[in-house]
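Protein chains in written order, with this note's numbering: chain R, 1 to 173; chain P, 1 to 132.
Treat the hints with care, as some may be off.
[Stated by the list, open to error] Only pairs whose alpha carbons sit at most 30 angstroms apart, straight line, appear in this in silico BS3-like list of lysine-lysine: (1) R:Lys47 <-> R:Lys80; (2) R:Lys79 <-> R:Lys62; (3) P:Lys87 <-> R:Lys47; (4) R:Lys50 <-> P:Lys87; (5) P:Lys87 <-> R:Lys62; (6) R:Lys147 <-> R:Lys50; (7) R:Lys164 <-> R:Lys50; (8) R:Lys62 <-> R:Lys50; (9) R:Lys56 <-> R:Lys164; (10) P:Lys87 <-> R:Lys56; (11) R:Lys165 <-> R:Lys56; (12) R:Lys47 <-> R:Lys62.
Hints in this document: simulated from the structure, not taken from any laboratory. Since we're looking at a predicted model, the values are computed, not measured.
Here's the letter readout for the chains.
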Amino acid sequence: MEAYQKGDSAVLPLLIRRYFDAIYRYVYRFVRTPAAAEDIVQETFIKVWKYSTRFKAGMTFKPWLYRIAHNTAIDYLRKKQPLSLEDTVEDTIADDTVALLEQSIAREEQERLTAAIESLPEHYRAVILLRNEEGLTFEAIGEVLGKSLNTVKSLYRRGLALLKKNLEVGPQE
Amino acid sequence: MNKTPLLRLSPVPVPAGAAERVIAVVEARQKTSRLWRIRLAVSTGIVSLGGLVPVGISLVRDIASSHAGAYLSLVFSDTSIALSYWKEIGASLLESVPFLALTGTLALLGLLLWSLRLAARSIATPLVITNA
Numbered sequence: 001m002e003a004y005q006k007g008d009s010a011v012l013p014l015l016i017r018r019y020f021d022a023i024y025r026y027v028y029r030f031v032r033t034p035a036a037a038e039d040i041v042q043e044t045f046i047k048v049w050k051y052s053t054r055f056k057a058g059m060t061f062k063p064w065l066y067r068i069a070h071n072t073a074i075d076y077l078r079k080k081q082p083l084s085l086e087d088t089v090e091d092t093i094a095d096d097t098v099a100l101l102e103q104s105i106a107r108e109e110q111e112r113l114t115a116a117i118e119s120l121p122e123h124y125r126a127v128i129l130l131r132n133e134e135g136l137t138f139e140a141i142g143e144v145l146g147k148s149l150n151t152v153k154s155l156y157r158r159g160l161a162l163l164k165k166n167l168e169v170g171p172q173e
Numbered sequence: 001m002n003k004t005p006l007l008r009l010s011p012v013p014v015p016a017g018a019a020e021r022v023i024a025v026v027e028a029r030q031k032t033s034r035l036w037r038i039r040l041a042v043s044t045g046i047v048s049l050g051g052l053v054p055v056g057i058s059l060v061r062d063i064a065s066s067h068a069g070a071y072l073s074l075v076f077s078d079t080s081i082a083l084s085y086w087k088e089i090g091a092s093l094l095e096s097v098p099f100l101a102l103t104g105t106l107a108l109l110g111l112l113l114w115s116l117r118l119a120a121r122s123i124a125t126p127l128v129i130t131n132a
């Protein structure tokens with residue numbers, strides 16, 4: 001990204017080709033239509049070009065890119081319909097149950113799992129996807145979502161618990 | 001740090017050629033933006049240059065007709081008097097300078113320099129290079 005800021009314009013297409021598939025997959029999990037996903041990814045990379053001067057030395061490109069993509073996808077969803085952000089799980093999940101939840105959930109069928117994740121409220125969905133599908137650290141996820149490390153970890157725990165509940169009884173939006 | 005995805009979700013098929021389409025759109029936006037910047041720079045440059053000539057002439061005429069010219073020539077011709085009476089000469093100079101014309105000239109000069117800078121940066125910035 002620093003190379004692009006210094007005027008190496010050949011870098012931008014390389015960045016688009018490198019990250020397109022990952023960003024498209026992530027956005028698709030929210031909007032669930034190929035046309036909308038492609039539009040949002042296009043808008044994301046247009047914003048990367050427009051706001052390239054806001055990328056400061058020392059920042060990491062991937063979380064910055066995901067942050068733009070995430071916010072663009074959420075803006076799209078909010079225009080389409082107001083998001084329901086209620087959560088039904090109390091924040092009493094202990095840290096040591098996270099590993100047990102992850103293992104239990106991993107055994108579920110792929111399609112049921114995908115449907116269950118895509119039915120989660122967007123803030124849980126984002127954390128789970130960024131952690132498990134995109135492989136970001138909790139710190140990086142915090143950068144993407146603009147939240148503290150503790151909040152991200154809490155959202156992850158609660159998201160997994162809600163996901164487990166949805167898999168057992170069916171999606172509850 | 002990355003790890004193997006724990007939750008194996010249904011794969012998302014990425015439309016073929018989508019990345020290249022996005023690159024083409026970004027390139028088109030860059031071209032359009034660059035053209036608008038060049039147009040803005042050229043039109044601002046023309047306006048500022050067009051305004052600079054009469055305002056500059058007016059400034060020179062005003063300085064020549066005001067006492068500022070006399071004080072300035074005194075300062076450069078007899079520096080010892082200028083140093084002895086620097087306060088009085090300074091105050092008189094300030095009173096006689098045509099501030100309005102001077103401000104206008106400096107503002108238009110600044111606008112011209114800005115437009116030249118914008119034009120230079122817009123022309124120098126290369127567009128996205130796509131591999132055909």
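The hints, checked one at a time:
1. R:Lys47 <-> R:Lys80: holds (20 angstroms)
2. R:Lys79 <-> R:Lys62: Roughly 26 angstroms between the alpha carbons, so the hint for Lys79 of chain R and Lys62 of chain R holds.
3. P:Lys87 <-> R:Lys47: violated (57 angstroms)
4. R:Lys50 <-> P:Lys87: It is violated: about 53 angstroms lies between the C-alpha atoms, which goes past 30 angstroms.
5. P:Lys87 <-> R:Lys62: violated (63 angstroms)
6. R:Lys147 <-> R:Lys50: Judged against 30 angstroms, a Cα distance of about 24 angstroms means the pair holds.
7. R:Lys164 <-> R:Lys50: violated (40 angstroms)
8. R:Lys62 <-> R:Lys50: holds (17 angstroms)
9. R:Lys56 <-> R:Lys164: Violated. Lys56 of chain R to Lys164 of chain R sits at ~39 angstroms, over the 30 angstroms cutoff.
10. P:Lys87 <-> R:Lys56: violated (50 angstroms)
11. R:Lys165 <-> R:Lys56: violated (41 angstroms)
12. R:Lys47 <-> R:Lys62: Satisfied, since the Cα-Cα distance of roughly 14 angstroms is no more than 30 angstroms.
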